[in-house]
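*Asks:* What follows is each chain in one-letter form.
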Amino acid sequence: DAGVTQSPTHLIKTRGQHVTLRCSPISGHKSVSWYQQVLGQGPQFIFQYYEKEERGRGNFPDRFSARQFPNYSSELNVNALLLGDSALYLCASSLEGFGYTFGSGTRLTVV
Amino acid sequence: EDQVTQSPEALRLQEGESSSLNCSYTVSGLRGLFWYRQDPGKGPEFLFTLYSAGEEKEKERLKATLTKKESFLHITAPKPEDSATYLCAVQGNRRMNRDDKIIFGKGTRLHILP
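If you're matching them up, the sequences are chains A and B in order.
Per our numbering, numbering of the first sequence is gapless, rising by one per residue and ending at 111.
Per our numbering, numbering of the second sequence is gapless, rising by one per residue and ending at 114.
Okay, chain B solo, but in the shape it has when bound (with noise of 0.2 Å):
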């Protein structure tokens, strides 16, 4: 069964403190790894795509990384503004699964005081 776990649960720094979000999932064909952002009573916003391991992608002071069995979200001297719950999904191949479901997990819930 296809299934994502995030760590850790919630998260809080001080601006500027870097550090990193863990992502680690089980799926039957990888199509796709995605990373939202999700500010409270608001739907999650797309941040990054991965398709396969070694791959990374950057934006401003986010860089997510895959590996064969996890993501990790990279945050850089962040600002209270990059405070919001960062959730994790994934989306299985269609040959696997008839549907283009994507599977999320729980989120970490990021605080960065100022």
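For reference, chain A alone in the conformation it holds in the complex (with noise of 0.2 Å):
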């Protein structure tokens, strides 16, 4: 069975530009996640979606936007990027919402 699979799996950008990362979840799935983790932390929240509708947003700004798909597979954007914005993004998928698959991650670099 394939897992969470998410593209690209590495990615340099330019401060100002903009980015999308892209997340295929567990067949079946309806429940999309994506998260961001510095070097050295854990993963923080940035949205959740389910059945193609936001049902959650941690603490990003505005620049930070996603959606899901009629087939459940969502993109992550970021707009205006900075410095700041280096790091391993994660989506994770779930069934009903509960007790998430994680893909293996998109490491975005911004220079």
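These aren't lab readings, by the way, just hints derived from the structure by calculation.
If you're wondering where the values come from, they're calculated on a predicted model, not measured in any experiment.
Do not rely on the hints blindly, as some may be mistaken.
If you want a taste of the chain A side facing chain B, the calculated C-beta under 10 Å gives, among others [to be verified]:
(1) Gly42
(2) Pro43
(3) Arg55
(4) Arg57
(5) Ala92
(6) Glu96
(7) Gly97
(8) Phe98
(9) Gly99
Each residue gets a CB set at the ideal place from its N, CA and C atoms; glycine is no exception.
Fit chain to chain and form the complex, with the hints in mind.
*Replies:* So this is what it looks like as structure tokens:
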């Protein structure tokens, strides 16, 4: 069975640019969440989507946005990138919102 | 506010030297406490879910326990391949929180020396 897949695996962007990260959940999972993990810290909650609707948003600026598509895949968008946005971005999926399986992440470097 | 604190931040053990990792938590209605293993540059890998105080779960050399305020991850006779960061996380009751977010601790970096 395919797990949670994320693309790309690595990305280098310049300050001020825009980035889109993609996530395909485990087949049948309706809930997708996004987390940011800065080096040496635990993952921090960014967004949760369930059945294509936003269910929760963490303490992140409006430069961060996301959406979930009819096939339950998801995109995370970040505008006006800052150096501090450099992190591992994790996508996680769940059947009903409990007990998440994580993908391998997208390593974003902002220079 | 939901919070998870893990200790120690880092731990170096000799192969075969057993020890325990601590996770202290506060949450408005515990729905579940999770332990994950994370290797460098990879996503967290699920290990255990604990639901209520007194519960214990085991997997190979790992055993997780839960009280009303803490969880412990006991590592018995560890091997070098057990070296990783171990993350503790909690999920609160959805009646209290509209979303299903997971609150993570900062993790314990475990290094097992051969």
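*Asks:* Checking hints one by one. Is arginine 55 of chain A an interface residue toward chain B, by the C-beta closer than 10 Å rule?
*Replies:* holds, 5 Å
*Asks:* Hint validation: phenylalanine 98 of chain A versus chain B, beta carbon distance must be below 10 Å. Holds or violated?
*Replies:* Holds: closest Cβ of chain B sits about 6 Å from phenylalanine 98 of chain A, inside 10 Å.
*Asks:* Restraint: proline 43 of chain A near chain B, CB-CB cut 10 Å. Satisfied or not?
*Replies:* Since the shortest Cβ distance to chain B is 5 Å, the answer is holds.
*Asks:* Closer than 10 Å between Cβ atoms is the bar; does glycine 42 of chain A clear it against chain B? Give me holds or violated.
*Replies:* holds, 3 Å
*Asks:* Given glutamate 96 of chain A as an interface hint, is the shortest Cβ-Cβ distance to chain B below 10 Å?
*Replies:* Check passed: Cβ of glutamate 96 of chain A comes within 8 Å of chain B, closer than 10 Å.
*Asks:* Report holds or violated for the interface hint on glycine 99 of chain A, using the least CB-CB distance to chain B and a cut-off of 10 Å.
*Replies:* This interface hint holds because 6 Å falls under the 10 Å limit.
*Asks:* With a cut-off of 10 Å, does the beta carbon of glycine 97 of chain A approach a beta carbon of chain B closely enough for the hint to hold?
*Replies:* Since chain B brings a Cβ to about 4 Å from glycine 97 of chain A, closer than 10 Å, the hint holds.
*Asks:* Next item in the hint list is alanine 92 of chain A. Is there a CB on chain B closer than 10 Å to its CB?
*Replies:* holds, 8 Å
*Asks:* Would the stated hint for arginine 57 of chain A survive a check requiring a Cβ distance to chain B of less than 10 Å?
*Replies:* holds, 8 Å
Checked against the numbered hints given earlier, this structure breaks none of them.
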